[in-house]
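Visitor: One letter stands for each residue in the lines below.
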Amino acid sequence: MNKRVIVIGGGAAGMQAALRLKESGVEPTIVEREAETGGKLRDWYVLFPSFTPAADVLGELRRRVAERHIEVMTSTGVKSFTSREVTLDDGRRLACDAVVLATGFTLFDASLKEEYGYGLYDNVFTSADIERMLSRGRVAKADGSRPRRIALLHCVGSRDEKVCQQHCSRVCCITGVKQAMELKKLFPEADVFNFYMDIRMFGPGYEEMYREAQQKYNIHFVRGRISEASPTIDGRVQIKAEDTLTGRPLRMSVDMLVLLVGMRANDDNAALAEGAGLRRAPSGFIAPRNLFLGNVESDAAGIFLAGTVSAPKNIGETLNEATAAADAAVEYLKRS
Amino acid sequence: MATINFGYTISKPRAIDMDRNNLRKSDEILREMPELQACIGCGSCTAVCTAGNLTSFNFRRVHTLIRRGEYQGAYEEMNKCMLCGKCRLVCPRGINTRGVAMLIKRKLGDNRS
Ligand SMILES: Cc1cc2nc3c(=O)[nH]c(=O)nc-3n(C[C@H](O)[C@H](O)[C@H](O)COP(=O)(O)OP(=O)(O)OC[C@H]3O[C@@H](n4cnc5c(N)ncnc54)[C@H](O)[C@@H]3O)c2cc1C
Ligand code: SF4
Ligand code: SF4
Ligand code: SF4
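Residue numbers (numbering that gives the first Met the number 0), protein chains in the order written: chain H, 0 to 335; chain V, 0 to 112.
Calculated directly from the structure, the hints in this document are not laboratory data. Note that CB positions come from ideal geometry on N, CA and C, so glycine has one too. There could be a bad hint or two in this list.
Using 27 Å as the maximum straight-line C-alpha spacing, the simulated DSS-like pairs for lysine-lysine come out as follows [claimed, not checked]:
#, chain 1, residue 1, chain 2, residue 2
1, H, K215, H, K183
2, H, K78, H, K183
3, H, K21, H, K2
4, H, K21, H, K39
5, H, K78, H, K140
6, H, K239, H, K39
7, H, K215, V, K79
8, H, K161, H, K184
9, H, K183, H, K39
10, H, K184, H, K239
11, H, K215, V, K104
12, H, K239, V, K11
13, H, K184, V, K24
14, V, K79, H, K183
15, V, K106, H, K215
16, V, K24, H, K239
17, H, K184, H, K39
18, V, K104, V, K85
19, H, K239, H, K161
20, V, K106, V, K79
Pairwise CB distance ranges, derived in the manner of DEER restraints [stated by the list, open to error]:
#, chain 1, residue 1, chain 2, residue 2, range
21, H, L292, V, P33, 24 to 34 Å
22, V, P91, H, E84, 47 to 57 Å
23, H, G246, V, R19, 39 to 49 Å
24, H, S134, V, K104, 42 to 52 Å
25, H, L119, V, K104, 23 to 33 Å
Chain V side only, calculated, beta carbon under 10 Å to chain H, not exhaustive [what the hints assert, rightly or not]:
#, residue
26, T8
27, A14
28, I15
29, D16
30, E34
31, I39
32, G40
33, R59
34, L64
35, G72
36, E75
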């Protein structure tokens, strides 16, 4: 089949979709805005639920993409597109026969929740900061010392009308459990508390990991959302919440406060969707044509959705969906 | 000097202050029965509790408070438990809750002597 499919976005979804297209005899081109492929995977350290290094998964995907001589255009952003033509940020246009949209998600900007003091107080971090610190092999308080008490807060920038993010980001609960375990491994003498509204363990092995965190790692789970954080005179962070299971207000000071930031829709989803005739869900993510029988198809013929561009997902789901999106594109090309 | 009665009192702060609370007893309890840490706060133990259906005793709340280092009144509350063991039959996390009840009584009983 002498057809060309443009895959917009070179994260896990984009790479997997391109691999599958190539396997089916279609010529894919990955168009990636950043200087390298990988998307968010570049920033994660080890992955839940198996503690597999993210670099192993990313390295293998990149190796396959290189080995199969898939064309990759990096440092190339897409401004608008239809199923037959993709317009780049610099105005160039690329012709194609179909498009797989795999532009992923954006991390919630924790500084918007001013009450938690991210960017204002020392020792308030996001889960993404912790991943970077773990990758660099050095997790510490701002002054370099070891934390004795750590709190992780779930649902920062998710399930929160105050910041216009009503959806659940799905992966942050399990990320919070994973990071709590990693922090406890690094600082066995520290007390680690997770503050949650609901614990959502949606994937295989996740509930088991949660239980292990409780029972083996002695991580304390407190049902209640932190209402505010304030700096103490000695550079720690004081937090307040209700311990809803005892019905009493609770406060404590901690050495590190970790905000488990959510996944939100990309800002350019609106413009991209309008140009291509796609629909957006109320969350801002791109809506599939049908949630059951067409969940990798969009409202526009010849445009397919892969990965977190359509909703928060883990890597396994992202990769499966990318395969399905590529298959749907191949079927479409056969028919057209 | 006699205390002047202003007609009101200042209520004690209700907040659980984790900076002040001493978790030593709580840690001892959890070290002996780490399974209690797997509690997910579902309340099944309280729902079936014989004592809880006749008195204000709330087993889930009492053992949660103890885990936060709030021991005041907990021993007296635990004495309402009649060790019937029904809670153990329903706990979805498989916690030996009757064993927990006995352990708490023993540990907090020590505390008082
Ligand atoms: C804190 C955190 C930890 C996580 N940890 C795990 C874990 O341990 N295990 C797990 O299974 N999942 C984890 N996830 C989920 C995982 O990150 C996602 O499933 C995965 O990144 C989704 O891949 P994607 O390709 O859909 O999106 P992305 O990774 O966002 O990739 C999208 C790509 O598209 C590019 N792009 C965007 N817009 C354009 C444009 N207009 N033009 C060109 N290119 C564009 C971006 O630069 C990016 O490279 C975690 C998520 C978070 C938030
Ligand atoms: S996965 Fe957990 S932390 Fe994340 S938004 Fe959903 S409930 Fe909140
Ligand atoms: S053993 Fe005690 S706590 Fe458990 S159900 Fe019986 S009375 Fe209630
Ligand atoms: S039944 Fe078990 S899990 Fe549920 S609240 Fe009681 S001890 Fe906790």
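Visitor: Of all the hints numbered above, which does this structure not satisfy? Sort the numbers upward.
Guide: 2, 5, 6, 7, 8, 14, 21, 23, 25, 26, 35 and 36
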